[in-house]
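Engineer: Given only the sequences and the hints, what does the whole structure look like? Please build it.
So the protein sequences, as listed, match chains A and B. Under the working numbering, read the first sequence as residues 1 to 586, first letter to last. Under the working numbering, read the second sequence as residues 1 to 131, first letter to last.
Read the hints as simulated data drawn from the structure, not as lab findings. Computed from a predicted model, the values in this text were never measured in an experiment. Glycine included, each C-beta is placed from N, C-alpha and C at the ideal position. Treat the hints loosely; a few may be bogus.
[Said to hold, decoys possible] Covered stretches of chain B (chain A as the covering partner; in silico rule of three or more C-beta atoms under 8 Å from a C-beta of chain A):
| no. | segment |
| --- | --- |
| 1 | 18 to 29 |
| 2 | 35 to 42 |
| 3 | 111 to 117 |
Spelled out, the chains give:
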Amino acid sequence: MHPSDPLKNILYVDLTEKEFWVEEKPELFQNYLGGTGVAIKLLLEECPQGCDPLSKDNPIILAVGPLTGLYPFASKTVAMFKSPHTGNLGESHCGGRNAIALRMAGYGAVVIKGASETPIYLAIHGDKVYFRDASALWGMQNSFTVGRIIRENEPNAGFRSIMRIGGAGEKLVSYACVTSETYRHFGRLGLGAVFGSKKLKAIVISGRRSLPIKDKREYCRLYDEIYHKAIESEVMKKYHDLGTAENIMPLNKLGALPTRNLLYSQLEDAEGISGETLASQYLGRRLACSHCPIGCIHIAALREPYEDEAYFYKTTMISYDYELIYSLGSMLGVSNAHDLLRLIDKVETYAMDAMSAGVTLAWATEAQRQGLISERETNGLKLEWGEAEEYIKAIDLIIKQPNEFYQALARGVEYASTKYGGGEYALSFGGNEMPGYHTGPAAHIGFLIGARHSHLDNAGYSIDQKTLIEKQLSPEELVEKLIEEESWRQILSSLVVCFFARGVYQPRVVEETLRVTGFNIDDPKKLGREILEEKYRFKTREGFNLRNLSIPKRILETSSAIGEIDGEYIRRSIEYAEETLIGVKG
Amino acid sequence: MRLAVVDTDRCIGCQSCMFACTRRQGETGFAHSRINVRSKGGMERGFIVVVCRACRDPPCSKVCPTDALKPRDGGGVIFDSDRCIGCRNCQNACPIGAVFWNEEINKPMICIHCGYCINYCPHGVLTMEET
Chain A
1 MHPSDPLKNI LYVDLTEKEF WVEEKPELFQ NYLGGTGVAI KLLLEECPQG
51 CDPLSKDNPI ILAVGPLTGL YPFASKTVAM FKSPHTGNLG ESHCGGRNAI
101 ALRMAGYGAV VIKGASETPI YLAIHGDKVY FRDASALWGM QNSFTVGRII
151 RENEPNAGFR SIMRIGGAGE KLVSYACVTS ETYRHFGRLG LGAVFGSKKL
201 KAIVISGRRS LPIKDKREYC RLYDEIYHKA IESEVMKKYH DLGTAENIMP
251 LNKLGALPTR NLLYSQLEDA EGISGETLAS QYLGRRLACS HCPIGCIHIA
301 ALREPYEDEA YFYKTTMISY DYELIYSLGS MLGVSNAHDL LRLIDKVETY
351 AMDAMSAGVT LAWATEAQRQ GLISERETNG LKLEWGEAEE YIKAIDLIIK
401 QPNEFYQALA RGVEYASTKY GGGEYALSFG GNEMPGYHTG PAAHIGFLIG
451 ARHSHLDNAG YSIDQKTLIE KQLSPEELVE KLIEEESWRQ ILSSLVVCFF
501 ARGVYQPRVV EETLRVTGFN IDDPKKLGRE ILEEKYRFKT REGFNLRNLS
551 IPKRILETSS AIGEIDGEYI RRSIEYAEET LIGVKG
Chain B
1 MRLAVVDTDR CIGCQSCMFA CTRRQGETGF AHSRINVRSK GGMERGFIVV
51 VCRACRDPPC SKVCPTDALK PRDGGGVIFD SDRCIGCRNC QNACPIGAVF
101 WNEEINKPMI CIHCGYCINY CPHGVLTMEE T
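Structural biologist: So, in structure tokens, the structure goes:
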């Protein structure tokens with residue numbers, strides 16, 4: 001690391017005492033790069049064993065990496081915390097402008113401890129930190145409005161990020177997210193509720209410093225290589241053209257698009273919510289994260305009439321992605337783009353994880369159809385596939401929580417199904433709701449053994465589509481592949497490189513960027529594995545046990561893209577993962 | 001030749017031009033960027049690109065008490081750092097906010113229309129044009 005690189009600075013903020021200080025930890029970054037690697041070390045240090053995720057003891061760690069501000073696509077901020085949703089490791093990655101803002105403010109990481117008694121928001125402008133009164137913002141359910149107000153109150157437009165919560169975070173919905181730059185999120189595992197528990201409504205961070213470069217010629221050469229490889233690549237073009245929504249039709253054709261709580265793996269009229277339909281009828285704008293020339297963020301313009309007055313319309317700009325289309329579309333049997341966009345907007349307004357919200361509502365729909373719950377629980381709602389209006393009202397009630405049923409829904413599908421039954425079709429993986437890939441066993445084993453229980457942990461869905469569709473792998477071979485990919489991704493997420501650019505950041509390029517930025521890492525793959533094991537160390541410390549994972553029965557009942565999935569194969573894979581990752585013999 | 005902002009509606013807000021500007025100056029980051037991309041008041045409304053537009057009769061030059069900013073052939077200004085006393089008259093005179101400030105040396109930073117940034121604008125927002 002360049003000796004004058006401010007990456008080594010960690011900003012500590014104590015919300016209880018309203019104090020802040022900076023500590024220099026160059027070795028921590030030298031050894032673990034940044035992002036995930038640094039954040040897990042800080043979490044192990046700062047998070048007391050067994051702490052309640054919604055207590056003041058739970059820290060929030062935000063970390064960026066050495067390439068942030070130097071090379072394109074290193075634009076994610078990694079958040080780590082103890083998850084109120086799973087009661088275990090919470091890790092979430094967010095794009096937008098926060099990574100660049102944090103780096104330009106002069107830090108490699110921020111550690112937020114304690115809790116405020118009264119609502120506040122944090123304003124971090126370079127080396128100045130302000131604890132602003134947020135009493136007037138508390139109770140404001142709409143995350144868009146919160147962003148707009150802070151935008152007008154704070155300086156440094158173009159050099160800042162505004163991360164905030166909406167109603168879901170305040171009401172401690174365990175899958176509340178934190179929204180940044182209106183359309184990007186720390187989406188999964190409930191960081192929003194951790195903010196809410198600390199009475200922290202938002203963080204605005206800005207900075208505009210310069211960063212040192214050792215070998216300018218070499219730096220520019222490598223920059224150009226990365227930049228051009230990306231803008232000329234087909235994969236990146238795909239993300240720019242239709243965005244992740246492009247996957248709806250291919251996955252539907254394969255029979256991998258979870259539909260109606262995964263009773264099916266194909267939606268008969270998927271075209272209604274396809275990337276092509278959304279682009280041709282609604283796409284209004286495309287956006288990028290800071291320092292990403294691709295711009296995969298797709299924003300739909302939804303024009304709706306007011307019913308009380310003729311010729312009176314409003315136009316709402318709504319971000320869509322594959323995961324939201326799956327969870328609030330196919331999963332709920334919604335195949336009309338207009339309805340889908342209204343649902344997405346509702347979830348975005350309250351700032352909650354769309355995947356968890358959609359999967360929870362899908363379970364509730366099936367539970368109501370089966371008579372496990374009635375209109376007494378649902379407050380008179382009749383949840384039915386495709387009925388967007390009822391789902392919109394249900395989302396309002398998850399925030400209002402008028403009864404025990406909605407309090408349960410606010411804690412996700414695992415909790416709700418434990419209370420009301422229907423566990424066999426509760427699509428929870430390690431406590432986290434299922435992402436949108438019913439491609440085959442590798443996807444599901446990937447969700448189960450991945451440290452975040454996310455499809456992005458190890459891309460099992462890709463192994464299904466590229467390998468298992470042609471040939472069998474033994475459980476051992478499959479798990480080795482998954483762990484190898486997840487280990488490598490620890491390096492990318494420690495460098496906070498967007499996973500969409502993983503094709504550009506191949507091992508050789510990564511090694512060159514590290515060399516140019518002055519890092520001596522002998523074997524990045526080995527370091528990736530070590531970071532993954534550190535995450536598992538935290539998980540095990542907090543009571544996670546691969547052996548106790550339950551496999552949702554539903555995934556074995558509904559045929560996937562590569563046919564029926566064998567439960568025994570999954571079980572053997574998990575046992576092997578345990579042996580490999582934690583050293584427990586099966 | 002001058003750097004021209006052709007169509008801000010094509011801008012996706014990636015800020016690659018800002019990084020190009022400082023890379024051209026041998027560093028990275030934002031401290032010395034002479035171009036700024038910011039939202040029009042929320043990402044949903046798109047972006048504004050703030051950069052010197054190479055005025056024929058530049059107001060920044062007219063208010064400079066020390067002749068540190070001389071009109072450049074083809075528009076814009078040439079900055080003579082030695083003459084500058086850091087009074088900020090130029091910054092106050094520019095109605096589009098394109099006079100950026102170098103806080104370390106207390107002097108203005110204005111685009112020199114080198115055109116390096118357009119190589120890093122993949123969506124056709126920026127171009128070089130004859131004046």
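Engineer: Which of the stated hints cannot be reconciled with the structure, identified by number in ascending sequence?
Structural biologist: Result: hint 3 breaks, nothing else.
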